[in-house]
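Chains A and B supply the protein sequences, listed in that same order. This note's numbering puts the first residue of the first sequence at 46, with every later residue one more than the last. This note's numbering puts the first residue of the second sequence at 4, with every later residue one more than the last.
Since the hints were made in silico from the structure, they are not lab data. Not one of these hints is a red herring.
In silico contact screen, one side only, chain B against chain A (beta carbon under 8 Å); selected entries:
no.	residue
1	Ala36
2	Ser57
3	Pro70
4	Tyr72
5	Ile73
6	Trp74
7	Asp75
8	Asp115
9	Arg116
10	Ala119
11	Leu120
12	Gly121
Computed cross-link-like contacts, SDA-like style, restricted to lysine to any residue with a CA-CA straight-line distance of at most 20 Å:
no.	chain 1	residue 1	chain 2	residue 2
13	B	Lys264	B	Gly275
14	A	Lys338	A	Asn170
15	B	Lys5	A	Ala427
16	B	Lys107	A	Val431
17	B	Lys5	A	Glu423
18	B	Lys107	A	Ser430
19	B	Lys5	A	Leu357
20	B	Lys5	A	Ala363
21	B	Lys5	A	Val431
22	A	Lys417	B	Leu120
23	B	Lys151	B	Lys182
24	A	Lys136	A	Val154
25	B	Lys5	A	Gly364
26	A	Lys417	B	Ala119
27	B	Lys163	A	Val431
28	B	Lys5	A	Asn362
29	B	Lys107	A	Ala427
30	B	Lys5	A	Ser424
31	B	Lys5	A	Asp361
32	A	Lys417	B	Gly121
C-beta atoms are modelled at their ideal positions from N, C-alpha and C, and glycine is treated no differently.
Okay, here's what each chain looks like letter by letter:
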Amino acid sequence: MGIYLDHAATTPMSPAAREALVAQISQVGNASSLHAFGRGVRKEVEQARESIAAAACAHPTEIIFTASGTEANNLAIKGFYWKSIERDPSKNVIVVAAFEHHAILEPVVWLEEHEGATVIYIPINPDGVIDLDALAQIIETESEHIAVIAVMHANNEIGTIQPISEIVELAGDIPVHTDAVQSFGKVDFDFAAIGVRSAVISAHKIGGPLGVAALILEHGIDITPLLHGGGQERDIRSGTINAPSIVAFAAAAQSAAVDRVSNFERIWKLRESLKEQILHAVPDATFNGHSEKMLPGILNVTFPNTESDSLLLLLDNAGIAASTGSACSAGVQRASHVLISLGLTEDQARSSIRFSLGSSTTQAEIDEVGSKIGSVVESARAAFSVGAGAKS
Amino acid sequence: MKVIAAMSGGVDSAVAAARAVEAGHDVIGVHLALSSNPQKYRSGARGCCTIEDSHDARRAADVIGIPFYIWDMAEEFHAGVVENFIDEYAQGRTPNPCLRCNEKIKFQAVLDRAAALGYDAVVTGHYAQMRVDADGNRAMYRAIDPLKDQSYVLAVLNEKQLAGAMFPLGDSHKVDIRKEAKARGLYVANKPDSHDICFIPSGNNAGWLRDRLGSESGPIVDQEGNTVGEHQGAYTYTIGQRRGLGLSVPTVDGSPRYVLKIEPKTNTVVVGAKEDLAISKIVGEKPIWCGPMPTAGLAHRGFAQIRAHGSPLACTYTVSESSIQAQLDEPLFGLARGQGLVIYDGDRVVGSATVSDTE
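With these hints in hand, go ahead and build the complete structure from the sequences.
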């Protein structure tokens, strides 16, 4: 059935999560109802909340379930911003890392265009870690006006882990939000210890179902809601509680926590093996990211003189699933803003692809990719040379 | 064969892809993104390459059961087709961008890329017939559906390009293609055909050109050089145009006047009587042969066609390495330089050239 190396996009559901989902989906009852049916479902939801909180080193009341990571990021960014300008209209500056996921960048741009926000982007060092000196300078000159700072815990395209605790320290009283969708369950994530005001985690990246995520929001912090309704989740998020998905999310989080250390080591080794085999087949390939501060499963590679859409087509033909940064709404591959933020040229960015490994990845799969990558890149280069010829 | 189906999101290319699969080829669907700033929705029969079209193409590929990809050809399309279109108008010529797109994009950029990626041919939903004789000579013929025949816009393909092209719809009528699409479960079965120029979704070609070439007004003169009116940008007029000239000086006998000539250098539009539009000889440059080049120097009998759905005009033609000259049996009224001249031998496409002169 092919080799799936796109675990950062979504990863197979774990057996525990599947089982929990199936069991819960046959239970009737709205978790907000007062009768026995409702209480039964509520009990499961609250147990799930507790175990997810435990996995993230947060307090159960800090977990606010949402329908997606995008929703949770929107809720945090817009919620902090609106709350901030409500208290003091001059606190309208949002500071974000230049390589954030679109789930952060787009709400920020929207706030700039429609709600009077001023946005400052934190530059990224070539090794894929944010420029802390630049951030310190931004904070020094703008501290009176900053509503929120958002830096992702680990980048989804290149896998670099960001120095969130140091950012929190620099920020002082300014709220810091972190999108931990890619890192939660894969590396240590301790909400209490790193000291952010809020974070986002998502079920389907760790073997849980699609359609459920959570905003972890520090106890006692109030932000403006996006959705208004029954106020089911701490009066900050409305909507009927999605009990089956939440219960399955908890099962996935528990499994991920149990297997985290062993998975980390195994997947890290597999990635190193893939790296070696790629270099052997394509000696001028380069890797984007950091040598150590990395998620284990993400390998972002630049194959000079290729175009990523040719690479993806050829890999797909060979039964190998990989991906690129992002496509526009018409489906056209775009040069990744993440790679551009590291200083890659447009051409380099357009010749880069991401392999992302997960718990189901095997050495045999990596070896097969290693055996095919040479001819894939060769064909992609042939296509590039005719394309470049036509353009000039 | 390993084949790439160019899928626009319309019914024809969807059925063409399905027929290629059925013929036993190993097919993948490719949608060409030709605009770097696509429109969200299709409005009626105008335009293509909208986000909706790319979605329709993807769904058709799903139903047919073939892999689907989107190729970004926006840069090539802009450089090869859109800029050429503007340049040609700036020089007072009337280009046909569909011919240019087939020549430079669909059967060059796409075909080259396909070959590099290990594919043998490109299949499209064009209505034209390809026949290969016992000696392996390839020739292109008109489609059997006269209302849909697209051999005119394919006449810019040389033998090598034709060898890498497949047109499985040439032996069918459009009405049957729609029925077939429906039977195959393709929901684009009733999607309207696209007309007009795809990169001008408003349909307002004159306005679009004015935005890019400016709207410097200038004189409209008669053949004696007398100013009879004023125009708002010479290139927004076409040869043979009668309406909308807004002339301030009528002719003595009140007879209508037509655009005879556009002179971009002096920004002048020349008008005159209908009989002054009449031409009997067409000269085309940069010929492309869809098969063997006809013998140079000899007079050949055939048909000339100057518009995609124009009538075939009986003619005697001669060819050289650099030109085609067609002597028409009956005069023709109104032909602009830049248009495509296509020569037919019966229903067989001999070749094409760009109109450079008329007499």
